[in-house]
Each structure stands twice: as structure tokens, then as C-alpha cells.
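**Q** The whole structure should be built from the sequences, with the hints applied where relevant.
Residue numbers (numbering that gives the first Met the number 0): 0 to 177.
Quick caveat, the hints were computed from the structure, so don't treat them as lab data. Be careful, since some hints might not be right.
[Stated by the list, open to error] Simulated pairs of lysine-lysine, PhoX-like, Cα-Cα distance not exceeding 25 Å:
(1) K145 <-> K84
(2) K132 <-> K145
(3) K132 <-> K81
What you are looking at is a predicted structure, and each value in this text was computed from that prediction instead of being measured.
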Amino acid sequence: MKYIYWIIFILLVFTLGCSDDGTPLINRRSKDHADQESWGVTIILTNQGVERVRVRSGHLEKYNKREFILLDENVIVDFYDKNEKHISKLTSLKAEVDQGSNDMRAMGNVVAVSDSGITLYTDTLIWDSKKEKMSTDNPIMLTTQKNDTLYGIGFESDSDLQNWKVIKPTGVTDRGMR
Numbered sequence: 000m001k002y003i004y005w006i007i008f009i010l011l012v013f014t015l016g017c018s019d020d021g022t023p024l025i026n027r028r029s030k031d032h033a034d035q036e037s038w039g040v041t042i043i044l045t046n047q048g049v050e051r052v053r054v055r056s057g058h059l060e061k062y063n064k065r066e067f068i069l070l071d072e073n074v075i076v077d078f079y080d081k082n083e084k085h086i087s088k089l090t091s092l093k094a095e096v097d098q099g100s101n102d103m104r105a106m107g108n109v110v111a112v113s114d115s116g117i118t119l120y121t122d123t124l125i126w127d128s129k130k131e132k133m134s135t136d137n138p139i140m141l142t143t144q145k146n147d148t149l150y151g152i153g154f155e156s157d158s159d160l161q162n163w164k165v166i167k168p169t170g171v172t173d174r175g176m177r
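**A** Here's what the structure looks like:
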């Protein structure tokens with residue numbers, strides 16, 4: 000008798016579980032699914048054939064309609080000057096790239112280090128590809144080559160972290176007062 004109940008139960012599960020609503024599979028996709036996915040990716044952004052930025056990530060999701068790319072696994076961004084000389088490196092947990100403008104928003108444990116020794120720590124950093132400027136409205140910590148540590152809310156800089164500005168600064172220095 001037990002076998003009959005199990006057989007009826009299994010037949011009901013298979014019969015009810017295999018229904019088709021007639022909607023083509025391609026139309027069943029959620030609007031939030033990526034159109035393309037890649038692993039171990041490198042994106043190179045150029046300006047008139049000159050490499051300016053190289054972005055690497057463990058995982059990429061591309062959304063065609065929104066012209067949007069999500070990099071969500073160990074993002075590493077190398078910045079180059081007009082002579083293709085390396086000038087700085089940015090790391091973050093993830094980043095978003097607007098394909099229309101090539102602007103990027105790095106998010107999560109963002110660290111930007113210039114080749115000259117300046118280091119910026121923040122949670123979110125925006126890179127404007129046309130101006131080649133970095134900015135954030137979030138809290139930052141900046142260390143300089145002279146071991147100064149600055150804190151603040153908001154930051155603006157060029158890609159090599161040479162011409163920077165902390166919007167609302169506070170901080171400490173090891174240098175004496177003049």
C-alpha cells in the first residue's frame with residue numbers, strides 16, 4: 000500500500016512540475032539578467048589609440064540596454080599618462096562602467112596608489128574618463144610621500160594623484176609648525 004502512495008505522489012510531482020505556459024524561454028529572462036558574462040577579463044580604454052586605463056576583474060556582467068558593465072570580483076585598474084607610462088593603480092571589490100561615457104565608479108575597500116607614493120583610501124571613487132579625474136563625496140584617508148595622513152569628506156584629483164584636493168579636511172602631520 001505504501002508503494003501506491005509513493006507512486007501517486009511521484010506522478011503528481013512530475014505532472015505538475017513540467018507544465019509549460021507557452022512563453023518562449025528567451026522572454027522569461029528577468030530584466031536584471033546580464034546579456035553577457037565573462038571571467039578573468041581585461042578592458043583597455045584608449046584615447047586616440049593611446050592606452051590610458053587597463054581594468055582587470057575576475058568577473059564581468061554586461062547589460063546592453065543600460066550600456067552598463069558590472070565588475071564584481073577583485074577589480075584592479077592601472078592608469079597611464081599620455082606617453083603610456085604607468086602613473087597609478089586602483090583596487091576595489093567591484094566597479095561599474097558606463098559604456099556611453101566610459102566613466103567608472105569603484106566601490107568597496109577602494110585604494111588608489113600613485114607611483115609617486117600617495118595612497119588614497121575610501122569606499123567609493125568615481126573616475127571621469129573625459130577629464131581623467133577621480134572624485135568622491137565619501138570619507139577619505141590620504142597618506143603622502145612625507146608620511147602625512149589626511150582625513151576628510153570629499154576628494155578630487157587627477158589620475159596620477161599629484162594635483163589633489165580634500166574637500167573637508169582634517170588630519171595630522173609629523174612635520175613641525177612654522
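**Q** It remains to establish, for every hint, whether it holds in the given structure.
**A** We went through each hint and held it up to the structure:
1. K145 <-> K84: The hint holds at about 24 Å.
2. K132 <-> K145: holds (23 Å)
3. K132 <-> K81: Measuring from Cα to Cα gives roughly 14 Å; hence the hint holds.
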